[in-house]
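Spelled out, the chains give:
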Amino acid sequence: MSDSVIAADGRPLKASLNRALRRQKLRALALIAPLLIFILVSFVMPIADMLFRSVENEIVENTLPRTVTALEGWDSSSDQVPGEEVFEALYTDLAIAVEYKSHTRLGSRLNYEATGISSLFRKSGRRVKKFDTDIYAEVFAAADPAYADPGQWAAWMSDDTVRAQLPVTTSAYDDWAQMIIDTDGDIPAEETPWNFVYTALFQDAAAGASLPIAVDVSTVEPVSLRAEFGDLDDKWLDPEVWQTIKIYSPKFTNGYFLNSVDLMKGPEGVESRPENQQIYIKLFVRTLIMSLSIMGMCVLLGYPIAWLLANLKARTANLLMILVLLPFWTSLLVRTSAWKVLLQQQGVINDTLVWIGIVADDNRLELINNQTGTIIAMTHILLPFMILPLYSVMKTIPPSYLRAAKSLGATDWTAFWRVYFPQSVPGIGAGCILVFILSIGYYITPELVGGTKGVFISNRIAYHISSSLNWGLAAALGTILLAIVMALYWAYDKIVGIDNVKLGG
Amino acid sequence: MTSTDEAFVAFDRVQKSYDGETLVVKDLNLSMPKGEFLTMLGPSGSGKTTCLMMLAGFETATHGDILLDGVSINNIPPHKRGIGMVFQNYALFPHMSVAENLSFPLEVRKIGKSDREAKITRALDMVQMGDFAGRRPAQLSGGQQQRIALARALVFEPELVLMDEPLGALDKQLRETLQFEITNLAHQLGITTVYVTHDQTEALTMSDRVAVFDDGRIQQLAPPDELYEKPENSFVAQFIGENNTLEGVVQEIKGETCIVKLDSGDIIDAVPVNVTSVGERTKVSIRPERVEFKKERLQEGTHTLKAEVLEFVYMGDIFRTRLRVAGQDEFIIKTRNAPDQERLTPGQMIEIGWLPQDCRALDA
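Chains as they are written, first to last, in the working numbering: chain P, 1 to 505; chain L, 1 to 364.
The hints are simulated quantities; they were obtained by calculation from the structure and are not laboratory data.
Fair warning: there could be bad hints in the mix.
[What the hints assert, rightly or not] Straight-line C-alpha distance at most 25 Å; calculated SDA-like pairs for lysine to any residue:
hint, chain 1, residue 1, chain 2, residue 2
1, P, Lys395, L, Leu189
2, L, Lys119, P, Leu402
3, L, Lys110, P, Thr414
4, L, Lys113, P, Thr414
5, L, Lys80, L, Leu189
6, P, Lys123, P, Val215
7, L, Lys113, P, Trp417
8, P, Lys395, L, Thr245
9, L, Lys110, P, Leu402
10, P, Lys235, P, Glu85
11, L, Lys110, P, Tyr420
12, L, Lys26, L, Asp358
13, L, Lys110, P, Arg418
14, P, Lys494, L, Gly168
15, L, Lys110, P, Lys395
16, P, Lys265, P, Ile281
17, P, Lys494, L, Lys119
18, P, Lys395, L, Gln139
19, P, Lys395, L, Lys261
20, P, Lys395, P, Val425
21, L, Lys230, L, His95
22, P, Lys313, L, Asn233
23, L, Lys113, P, Lys313
24, L, Lys110, P, Pro422
25, P, Lys395, L, Met53
26, L, Lys261, L, Thr245
27, P, Lys313, L, Arg322
28, P, Lys313, L, Ile253
29, P, Lys494, L, Lys80
30, L, Lys80, P, Lys123
31, L, Lys113, P, Lys235
32, P, Lys494, L, Arg136
33, L, Lys80, P, Lys14
[To be verified] Sample of chain L residues lacking proximity to chain P, with all beta carbon distances greater than 12 Å (derived):
hint, residue
34, Glu100
35, Glu107
36, Asn184
37, Val278
38, Ala326
39, Glu351
Positions of the beta carbon are idealized from the N, C-alpha and C atoms, including for glycine.
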């Protein structure tokens with residue numbers, strides 16, 4: 001009988017209540033819908049896409065489907081170059097990829113893992129058409145002119161028994177047909193198949209398949225594609241290249257993440273990167289330490305200012321508040337550039353110090369293009385984010401608490417430390433979270449004043465996004481950064497309690 | 001009695017100005033004996049809170065001396081004065097439990113743990129809050145918080161306790177209970193108390209003496225009954241209790257009584273309080289409950305006034321009747337709700353009078 005409360009119209013009260021509230025809820029939802037959709041489309045989806053990119057690796061399989069399949073039988077730890085069948089598969093894949101120009105993209109992708117692959121693919125792309133495989137077309141055409149007839153080819157390739165007999169040829173012909181439709185807009189039934197299709201046909205025939213019109217291929221000297229590729233570039237005969245291709249052939253990879261923490265995939269599993277390539281862990285640690293120091297500086301500098309703001313007379317406090325907010329109204333670039341003027345070795349601060357005599361002229365301080373520069377400039381830029389939450393919390397602490405503490409016998413310091421400070425902790429927490437999270441992902445200021453020693457992980461992410469175009473690695477670095485922030489937030493919640501964060505009121 | 005017992009707390013010609021242009025406190029002289037419960041009463045802006053803050057050490061006197069136990073405390077910082085204080089909004093530290101709040105003044109005095117605990121228990125029992133030691137202030141009701149604030153002000157056993165409108169935020173019933181408890185505690189413990197309020201009932205019921213503040217001066221400093229019955233000027237008469245005021249000119253002074261001719265031409269008897277010469281303008285003050293309208297209760301030969309009943313309000317224990325007297329519509333009389341009491345009806349014409357000593361001719 002627990003849910004048997006009945007409304008006046010005889011329905012259960014709960015149902016009645018739900019019905020009454022539904023309209024309200026729908027209206028409320030309709031009100032926020034524009035923003036919700038905007039956020040979904042412009043924020044959540046791109047981020048999800050970006051995160052997905054950190055593990056996505058379809059390009060290898062999409063570009064070299066046959067090679068990837070053929071490599072399955074090859075033992076990557078054997079230090080042997082793969083066999084002829086892999087090179088045959090690579091030949092077909094590459095010939096098609098060249099027309100789509102996707103081999104250069106694949107080259108850049110694999111180049112992140114092993115340098116030199118990009119140029120190898122470009123070079124191979126240019127030369128793969130000039131392989132000596134044209135003899136196969138001549139052999140078949142000589143055996144029967146039907147093999148040179150596009151219409152006949154189209155007829156064969158729509159015949160299921162022929163298709164079943166010639167698997168390699170069928171796959172090559174299908175991709176070729178699709179490719180010439182896509183790239184040239186031609187009709188396959190009017191075009192003579194390209195050399196790689198005849199090569200595939202030869203492979204089928206050599207493997208003993210029965211051709212639609214029998215051709216004796218036993219007398220034909222096969223062209224070694226392995227040798228052709230070897231002639232093209234002896235890197236193709238380097239097992240390491242093949243290891244790289246094999247390691248990165250699955251659709252999904254943890255390679256970007258491993259790279260982000262200075263590890264890499266080797267043939268025997270995960271191994272650490274060579275010493276001279278290890279930069280990301282160092283950058284993460286540096287980013288965290290510098291963000292913490294910026295946060296600490298902001299607390300040290302912001303606390304007294306916030307206290308003044310909260311305790312001065314309204315007129316003076318307003319003036320001070322304008323001074324605090326003034327940087328907000330100035331362009332970030334202008335502020336950062338101003339710091340360049342101030343901090344450089346021939347800059348205002350050094351000049352003043354030299355003029356006063358604290359610093360020798362030939363021993364000017366290095367205040368910019370290093371960590372000091374980044375910390376100084378970012379503390380200045382992020383200070384308002386510390387002051388404002390602190391101020392709004394301090395504003396709610398009545399002065400009578402301090403008076404009460406003093407009347408109870410506490411000295412000024414005890415009254416502050418035991419009564420005022422604990423009550424301002426929620427403001428410190430809010431300010432710290434704001435400043436820390438903002439600074440851990442800050443980009444523009446470290447870029448401008450950080451030199452090489454003062455850059456953050458975000459600068460590296462930006463580099464991979466806009467210069468090296470290694471979006472997967474950028475996404476993995478971004479994901480790790482996000483995870484670190486969330487972990488710290490979680491830790492903060494456990495230790496201090498997120499309820500203790502007050503942004504105002 | 002030594003002199004410091006007579007003047008445990010003393011203000012000696014104290015002046016205070018915040019802006020250098022106006023004086024908030026003008027030439028304040030006050031001394032209180034040990035154990036006295038003194039209330040500073042006055043409208044807002046009268047300087048009473050400023051006086052309290054100067055005594056507590058949160059404001060400095062612009063001129064004059066404040067003496068505590070015979071020693072000038074002008075230059076002693078608040079935390080060394082050893083004065084307990086209860087604030088208007090309680091000012092309990094929200095991040096500490098009740099026990100920690102009480103422990104605070106003891107800790108800063110470096111009192112040992114066991115002593116501390118004993119004192120805290122005693123103080124909490126004193127305000128009947130023994131079971132609430134572990135609570136946070138936010139978990140307590142207003143009245144409970146006020147009790148804790150009181151216990152905290154008393155726990156370090158100060159000789160002087162200041163209270164700044166401590167009951168302002170409480171409802172009427174709770175206020176009355178706490179008024180009673182505070183006075184009892186103060187007398188029991190023999191503490192000297194300075195209490196600031198703008199509520200005259202509170203001042204009258206609680207205090208040994210009341211200092212009525214206005215315009216930065218003490219207008220009258222007297223025990224409650226004297227203050228009520230014998231106001232020394234028209235401000236005090238107006239401010240304390242309900243009061244009828246009639247204006248006129250002194251016609252004749254003969255010793256203890258005088259005759260005042262009101263502006264309407266009527267003649268009344270009064271006690272000259274601060275009128276000195278014939279022809280002076282005066283405000284005459286009569287308490288509503290001292291007005292009589294039954295001939296048999298009046299003295300022979302007293303002057304009476306004609307009055308028309310305008311309004312009769314039944315208030316339970318008393319009747320409040322508004323009259324038109326001497327051309328003035330706001331004349332109030334209060335009569336006790338007794339079985340034989342007559343209930344006046346609007347429109348009725350009556351004659352009113354009073355004993356000469358209940359009518360005081362004050363400054364104009």
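Now for the hints, and whether the structure bears them out:
no.: 1; hint: P:Lys395 x L:Leu189; result: violated (38 Å)
no.: 2; hint: L:Lys119 x P:Leu402; result: holds (23 Å)
no.: 3; hint: L:Lys110 x P:Thr414; result: holds (13 Å)
no.: 4; hint: L:Lys113 x P:Thr414; result: holds (19 Å)
no.: 5; hint: L:Lys80 x L:Leu189; result: holds (22 Å)
no.: 6; hint: P:Lys123 x P:Val215; result: violated (35 Å)
no.: 7; hint: L:Lys113 x P:Trp417; result: holds (21 Å)
no.: 8; hint: P:Lys395 x L:Thr245; result: violated (47 Å)
no.: 9; hint: L:Lys110 x P:Leu402; result: holds (19 Å)
no.: 10; hint: P:Lys235 x P:Glu85; result: holds (18 Å)
no.: 11; hint: L:Lys110 x P:Tyr420; result: holds (20 Å)
no.: 12; hint: L:Lys26 x L:Asp358; result: violated (31 Å)
no.: 13; hint: L:Lys110 x P:Arg418; result: holds (15 Å)
no.: 14; hint: P:Lys494 x L:Gly168; result: violated (40 Å)
no.: 15; hint: L:Lys110 x P:Lys395; result: violated (31 Å)
no.: 16; hint: P:Lys265 x P:Ile281; result: holds (17 Å)
no.: 17; hint: P:Lys494 x L:Lys119; result: violated (36 Å)
no.: 18; hint: P:Lys395 x L:Gln139; result: holds (23 Å)
no.: 19; hint: P:Lys395 x L:Lys261; result: violated (59 Å)
no.: 20; hint: P:Lys395 x P:Val425; result: holds (13 Å)
no.: 21; hint: L:Lys230 x L:His95; result: violated (49 Å)
no.: 22; hint: P:Lys313 x L:Asn233; result: violated (38 Å)
no.: 23; hint: L:Lys113 x P:Lys313; result: violated (41 Å)
no.: 24; hint: L:Lys110 x P:Pro422; result: holds (21 Å)
no.: 25; hint: P:Lys395 x L:Met53; result: holds (22 Å)
no.: 26; hint: L:Lys261 x L:Thr245; result: holds (14 Å)
no.: 27; hint: P:Lys313 x L:Arg322; result: violated (48 Å)
no.: 28; hint: P:Lys313 x L:Ile253; result: violated (55 Å)
no.: 29; hint: P:Lys494 x L:Lys80; result: violated (40 Å)
no.: 30; hint: L:Lys80 x P:Lys123; result: violated (88 Å)
no.: 31; hint: L:Lys113 x P:Lys235; result: violated (81 Å)
no.: 32; hint: P:Lys494 x L:Arg136; result: holds (22 Å)
no.: 33; hint: L:Lys80 x P:Lys14; result: violated (64 Å)
no.: 34; hint: Glu100; result: violated (10 Å)
no.: 35; hint: Glu107; result: violated (9 Å)
no.: 36; hint: Asn184; result: holds (23 Å)
no.: 37; hint: Val278; result: holds (53 Å)
no.: 38; hint: Ala326; result: holds (49 Å)
no.: 39; hint: Glu351; result: holds (55 Å)
This entry does not satisfy hints 1, 6, 8, 12, 14, 15, 17, 19, 21, 22, 23, 27, 28, 29, 30, 31, 33, 34, 35, going by the numbered hints stated previously.
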